[in-house]
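Generate the whole structure from the sequences, applying the supplied hints.
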Amino acid sequence: MNLTRRALVGGIGVWLFGAATRGRLAAQQETQRPEEEEAGALRDPASAGRSREPVSHGDNDPFVTGVEKRLQCTCGCTLDIYTCRTTDFTCTYSPALHKEVLALQDEGKTADEIVAAFVAKYGEKVLLAPKPEGFNIVGYVLPSLAVLLVGGVMFAILRRRTRMVEVARAGSEAGPSGLPPGAGQSVTSTPPATAEELARLEYELKELDQ
Amino acid sequence: MTLLGQFALWSALLVGLWAAVVGFSGRWHGRPELALSVTRAVYALFGVLLVAAASLWKGLITHDFNIEYVYSYTSRNLPGYYIVSAFWAGQKGSLLFWAIVLSLFAALAQWLTPARYRALMPYVAAVTSTVTCFFVTVMLFASNPFQRMAVTPPDGNGLNPQLQNIGMVIHPPMLYLGYISITIPFAFAIAALLSRRLDAGWIQAIRKWTIMSWLFLSIGITLGMWWAYVELGWGGYWAWDPVENASLLPWLTMSAFLHSVMVQEKRGMLKRWNMTLIIGSFLLSIFGTFITRSGVIASVHSFTQSNVGYFFLGFLLSAGILSYTLLHTRWDQLEADVPLESMLSREAAFLFNNLLFIGIAFSVLWGTLFPILSEAVRGTKISVGPPFFNKVNVPLGLLLLALTGIGPLIAWRKASTANLRRQFTWPVATGLLVTAMLAAAGMRNLYALMALGLAGFVTGTLAQEFVRGTTARRKMYDESYPLAFGRLVARNRRRYGGYIVHAGMVIYFAAFAGYAFKTEMEATLKPGASVSLRSPYGHTYTFTHLGVSQFEQLNRVVTQASVQVTRNGKPIGIVNSEKRQHFSEPAPGVRQKSFEPSTEVGIRYTLQEDLYIVYAGSVAGTEEAVYRFTINPLVVWVWIGGVVLVIGGLITMWPGGVVSGAPRQKQAGYEVQLAGSGAVE
Chain X
1 MNLTRRALVG
11 GIGVWLFGAA
21 TRGRLAAQQE
31 TQRPEEEEAG
41 ALRDPASAGR
51 SREPVSHGDN
61 DPFVTGVEKR
71 LQCTCGCTLD
81 IYTCRTTDFT
91 CTYSPALHKE
101 VLALQDEGKT
111 ADEIVAAFVA
121 KYGEKVLLAP
131 KPEGFNIVGY
141 VLPSLAVLLV
151 GGVMFAILRR
161 RTRMVEVARA
171 GSEAGPSGLP
181 PGAGQSVTST
191 PPATAEELAR
201 LEYELKELDQ
Chain Z
1001 MTLLGQFALW
1011 SALLVGLWAA
1021 VVGFSGRWHG
1031 RPELALSVTR
1041 AVYALFGVLL
1051 VAAASLWKGL
1061 ITHDFNIEYV
1071 YSYTSRNLPG
1081 YYIVSAFWAG
1091 QKGSLLFWAI
1101 VLSLFAALAQ
1111 WLTPARYRAL
1121 MPYVAAVTST
1131 VTCFFVTVML
1141 FASNPFQRMA
1151 VTPPDGNGLN
1161 PQLQNIGMVI
1171 HPPMLYLGYI
1181 SITIPFAFAI
1191 AALLSRRLDA
1201 GWIQAIRKWT
1211 IMSWLFLSIG
1221 ITLGMWWAYV
1231 ELGWGGYWAW
1241 DPVENASLLP
1251 WLTMSAFLHS
1261 VMVQEKRGML
1271 KRWNMTLIIG
1281 SFLLSIFGTF
1291 ITRSGVIASV
1301 HSFTQSNVGY
1311 FFLGFLLSAG
1321 ILSYTLLHTR
1331 WDQLEADVPL
1341 ESMLSREAAF
1351 LFNNLLFIGI
1361 AFSVLWGTLF
1371 PILSEAVRGT
1381 KISVGPPFFN
1391 KVNVPLGLLL
1401 LALTGIGPLI
1411 AWRKASTANL
1421 RRQFTWPVAT
1431 GLLVTAMLAA
1441 AGMRNLYALM
1451 ALGLAGFVTG
1461 TLAQEFVRGT
1471 TARRKMYDES
1481 YPLAFGRLVA
1491 RNRRRYGGYI
1501 VHAGMVIYFA
1511 AFAGYAFKTE
1521 MEATLKPGAS
1531 VSLRSPYGHT
1541 YTFTHLGVSQ
1551 FEQLNRVVTQ
1561 ASVQVTRNGK
1571 PIGIVNSEKR
1581 QHFSEPAPGV
1591 RQKSFEPSTE
1601 VGIRYTLQED
1611 LYIVYAGSVA
1621 GTEEAVYRFT
1631 INPLVVWVWI
1641 GGVVLVIGGL
1651 ITMWPGGVVS
1661 GAPRQKQAGY
1671 EVQLAGSGAV
1681 E
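Order-wise, the sequence lines are chains X and Z. For the first sequence, the positions run 1 to 210 when my numbering is used. For the second sequence, the positions run 1001 to 1681 when my numbering is used.
Some clues are possibly wrong.
If the Cβ cut is set under 7 Å, some of the chain X residues that face chain Z in the computed set are [said to hold, decoys possible]:
1. L42
2. D44
3. N60
4. T87
5. G139
6. V147
It is worth saying that the hints were derived from the structure and are not from the lab. A quick note: this is a predicted structure, and the numbers were derived from the prediction, not measured. Quick reminder that beta carbons are idealized off the backbone N, C-alpha and C, glycines included.
This is how it looks when you write it as structure tokens:
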């Protein structure tokens, strides 16, 4: 795909403008009633994969897809049931699990009850992410806690060190007698820098900013 | 040819062992001929492994199905470019690929490294040869690519259809190049520790290698996302799969290193930390290989399970223990030259940036290993999928994005309040403006809003840096704006190349935010029937099923379902999605179906959103088709972000571009030490 800079900038502009003027970003679906026409037979149906059942209302039901996205397919693919059944069309597990979800929905179970029923039947492994309870809390909390803890300790140490540096600098500027800078300068104090040294210092400082 | 390949592997083991033993022994101190022999052994190692690689390629090209590897991953009718890529499609071949590329990098490191670092090179050769020897050992004793079969089958098994994609020709080698090239900085770090030459010399010697390694990892990861998106058919590009995570880990630590190394270069700080990061990055690259090949964690990407996992685990533990023990013995010599002067400084910002990179790396590693830990502690098997990783990593990622904008605005050493106010005003205003606009437009997803708002802030920072730099140049040298801009980047490649990399990251984050608005539905359509789906932008797309056709193409039977797409009633094109049934031809006129039919997604890319159409199959062998329609906002920006990032990386590592005419300081120390040691020719 060839993208010019103008197209890129234009695209971002169109996108921002579109988002700003259209008001809502929530997506909606509209399904038209398909026209009933005769569908011809395929020459080699086996090459088109497993035969599919027509999509039912439950297949697109946000309640069902929402539940399925919380549960892992048991085929070993590591995908959730919804993604597996709509992606891996060779999987025989996810369509069966989908039917189980539909059956439990028909029984009037809530999303949490369906998930609980799956856990009871297939074990905790069927959950796409562990429940935040018991030992699992450690799993959820530890990374952020570690960052906060290390960050806090780092902040405290660095703050102390930078303060020590400031104190030391203030001390050296005040001189050993504690007098203000310049007062009572002895012949042993640092001589003023030469023009060459100042130029070098300026270059070094410039370098630091790169 | 297998005999030659086998012989080459054994020769590689012997040559590699020579380089490792002599290099580590230090006997070459004062004996230039021994130092030279170590260097030459590295070239020889590359030579013999090249013979081994050529032998396997010959087997692949000539369809020598008596070689188990050739039988397993190719067939007579496999297109030529996939025969070439079959070299790394399986475990055994990829091990050989790893060894040959590592030996090439090792040879290039010996050849290209300036003479002033010569005192390090025998140690570098020893480390690279040890790692190469490890891979050769695994091949010889556990996973031999030249293993023969008892009988010669008439045709091969063929290549998995999902690997028959141009992305899989490029993505694995890129990722491997990233993983493998980390060995060179690691080797220099170990060489610096062993030789006690712990000044900035080794850092300068590895600069290009570290950027190159990071760049290859970035390209490999992005291509992997692209392959997953166009080939796997689930409509996403990142699933937090253990193997994906394994590739992200060294990328995160290398990213941390690329930032913290600047602090060492400019201020002589973070020496211990940089050593730790480089060693850690190398270990994580081996860890990634261990995860992929051991079968210890379930993953869709894993190679066939085998006992090579034990080899990798043993190597990982040994390398970790030895490296960190060595680092511990040199700890006192790695003290910072100067202390941190202020918390409001770029050094401090880099420290917190490193904390976040490592925090994210830790959380990814933690989540990847948590199922094993949970089973060990509770005896219960659990799964850790995307909801876990998103919950833990998204907040950290957003903080990192914020620091991407904050870092360049803070001066080195110490920033004043007036300076901060001047620097932050415009970027903060830009971020707030973007957030307000999106919130007014109705965006209510908090993370997406924050990501896009922060993207606005970072964009403001980058724009300000470029504008100020260009304006200053224009005033100073009386140049036109384009010339001033071009020269600004060309003369300060590292700084402005880095900013372009940051721009790539901003684009990535904005694209990731778009994923929150993914919309999808399934539908069954007879020819002529339509279904409509409204996109997050408010467009109404109508998909009309045109029919299903079947034809033969290369090594497969293709079943193609076609959809006419209209947007708000206007036709915008036809999108095709396919089922591909691959077959092999063991004899002329004889066909055998190989693998299950695979799915090819139909995608229509636009800058706003992708239309992602999957033909799931047909009802009762007719043209009545089952589809999944997905609208994916901003996905194309992931790939654009990748391109921008690579351009920035290339600018950063492009030779030349010194800031001013001031002469570079010579690494006099190295030359003097070398002359003293007699290691110079």
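How the hints compare with the structure:
About 5 Å separates the beta-carbon of L42/X from the nearest beta-carbon of chain Z, less than 7 Å, and the hint is met. Annotation: interface hint on D44/X holds; nearest CB of chain Z at approximately 6 Å, less than 7 Å. For N60/X, the interface hint holds, since its Cβ comes within 7 Å of a Cβ in chain Z; the closest pair sits about 5 Å apart. Taken as an interface hint, T87/X checks out: its beta carbon lies about 4 Å from the nearest beta carbon of chain Z, inside 7 Å.
Taken as an interface hint, G139/X checks out: its beta carbon lies about 5 Å from the nearest beta carbon of chain Z, inside 7 Å. Among the interface hints, the one on V147/X holds; its C-beta lies about 4 Å from the nearest C-beta in chain Z, closer than the 7 Å criterion.
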